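Participant: Here are the chains, one letter per residue:
2 protein chains.
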Amino acid sequence: MIEIERKFLVKSEAYQAVATSKTRIAQGFLNTEAERTVRVRIKDNQGFITVKGKSNATGTSRFEWEKEISFSEATDLIDLCKPVILEKIRYEVPFANHLFEVDRFLGENKGLVIAEVELAHEDEHFEKPQWLGKEVTGDVRYYNSQLSKKPFAEW
Amino acid sequence: MIEIERKFLVKSEAYQAVATSKTRIAQGFLNTEAERTVRVRIKDNQGFITVKGKSNATGTSRFEWEKEISFSEATDLIDLCKPVILEKIRYEVPFANHLFEVDRFLGENKGLVIAEVELAHEDEHFEKPQWLGKEVTGDVRYYNSQLSKKPFAEW
Numbered sequence: 001m002i003e004i005e006r007k008f009l010v011k012s013e014a015y016q017a018v019a020t021s022k023t024r025i026a027q028g029f030l031n032t033e034a035e036r037t038v039r040v041r042i043k044d045n046q047g048f049i050t051v052k053g054k055s056n057a058t059g060t061s062r063f064e065w066e067k068e069i070s071f072s073e074a075t076d077l078i079d080l081c082k083p084v085i086l087e088k089i090r091y092e093v094p095f096a097n098h099l100f101e102v103d104r105f106l107g108e109n110k111g112l113v114i115a116e117v118e119l120a121h122e123d124e125h126f127e128k129p130q131w132l133g134k135e136v137t138g139d140v141r142y143y144n145s146q147l148s149k150k151p152f153a154e155w
Numbered sequence: 001m002i003e004i005e006r007k008f009l010v011k012s013e014a015y016q017a018v019a020t021s022k023t024r025i026a027q028g029f030l031n032t033e034a035e036r037t038v039r040v041r042i043k044d045n046q047g048f049i050t051v052k053g054k055s056n057a058t059g060t061s062r063f064e065w066e067k068e069i070s071f072s073e074a075t076d077l078i079d080l081c082k083p084v085i086l087e088k089i090r091y092e093v094p095f096a097n098h099l100f101e102v103d104r105f106l107g108e109n110k111g112l113v114i115a116e117v118e119l120a121h122e123d124e125h126f127e128k129p130q131w132l133g134k135e136v137t138g139d140v141r142y143y144n145s146q147l148s149k150k151p152f153a154e155w
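Which chain is which? The protein sequence lines are A and B, in order. Counting along the first sequence from 1, when you hit position 10 you're at 10 in full-length UniProt numbering, and nothing is skipped either side. Counting along the second sequence from 1, when you hit position 32 you're at 32 in full-length UniProt numbering, and nothing is skipped either side.
Everything labelled a hint here was simulated from the structure, so no lab data went into it. Please read all numbers here as calculations on a predicted model, not as lab measurements. Mixed in with the good hints there might be a few duds.
[To be verified] Only pairs whose alpha carbons sit at most 20 Å apart, straight line, appear in this in silico SDA-like list of lysine to any residue:
| id | chain 1 | residue 1 | chain 2 | residue 2 |
| --- | --- | --- | --- | --- |
| 1 | B | K54 | A | P83 |
| 2 | B | K110 | B | I2 |
| 3 | B | K82 | A | E64 |
| 4 | A | K54 | B | V84 |
| 5 | B | K54 | A | I85 |
| 6 | B | K54 | A | D76 |
Please work from the sequences and hints to get the whole structure.
Facilitator: Structure follows, in structure tokens:
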């Protein structure tokens, strides 16, 4: 499938009070090339392997394929991943008619908080909550695959 | 799981007459690094995604994880793979108490025929059929991931 999303910085902690879920995520990359990212993720006790293709010109849409795998398979595969393994807390935050996923990074990316909203098509309108900051869609530095190579602490 | 196998060149076509199966395989790689190979394979109408780790010092054993995926998922993922996509015919050839898998390569690797035998442990004894040639276990040039980067026609 094609994933269409826009990405923003987050300028206050107000999202936390309205979050409907909070999940711990650890993820590593078997490949961080822009043309073919291969990600291994552990989300609570679930495992996933995800392949993403190259983004379009605006950085909004991208081929994405994902398969659930066991927790034990995921831990084996995370061991094979390139350093650094990303650690983050994901908050699900509904606002108006959309769901925002807010990632608060830990470890070497501590201090970075990014919100993503998934859209049905590139031009879809959505209302912006007050805590939403500057748009960073398409800015390669904020790709998770890049944050595993050059974490926020080194910027 | 850990995969233990030895690899040989094949010096005659005699294996074809005793093969019990013959399958067409197409495969590409999402990553060809020695530390973490990610392979997408289409075997007849079945799809697979496979992650392999680094080989041990002798090149005999290696972590391997594989998951079956649909034909349609596999074709989507093969489109994302690095060039070159490998094409080969695989023959299953039982001999004495072991099963040999013989890969006859097509396309840019035409002329290359490689037999592999899977073992229960590194020192396991196995009888060698007459058509088996020189051992190439651990020779990086014969890794499929390498054949996709530097095919036999360019040697």
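Participant: Indicate, hint by hint, whether the structure satisfies it.
Facilitator: Checked hints:
| no. | hint | in the structure |
| --- | --- | --- |
| 1 | K54/B <-> P83/A | holds (15 Å) |
| 2 | K110/B <-> I2/B | violated (30 Å) |
| 3 | K82/B <-> E64/A | holds (17 Å) |
| 4 | K54/A <-> V84/B | holds (18 Å) |
| 5 | K54/B <-> I85/A | holds (19 Å) |
| 6 | K54/B <-> D76/A | holds (13 Å) |
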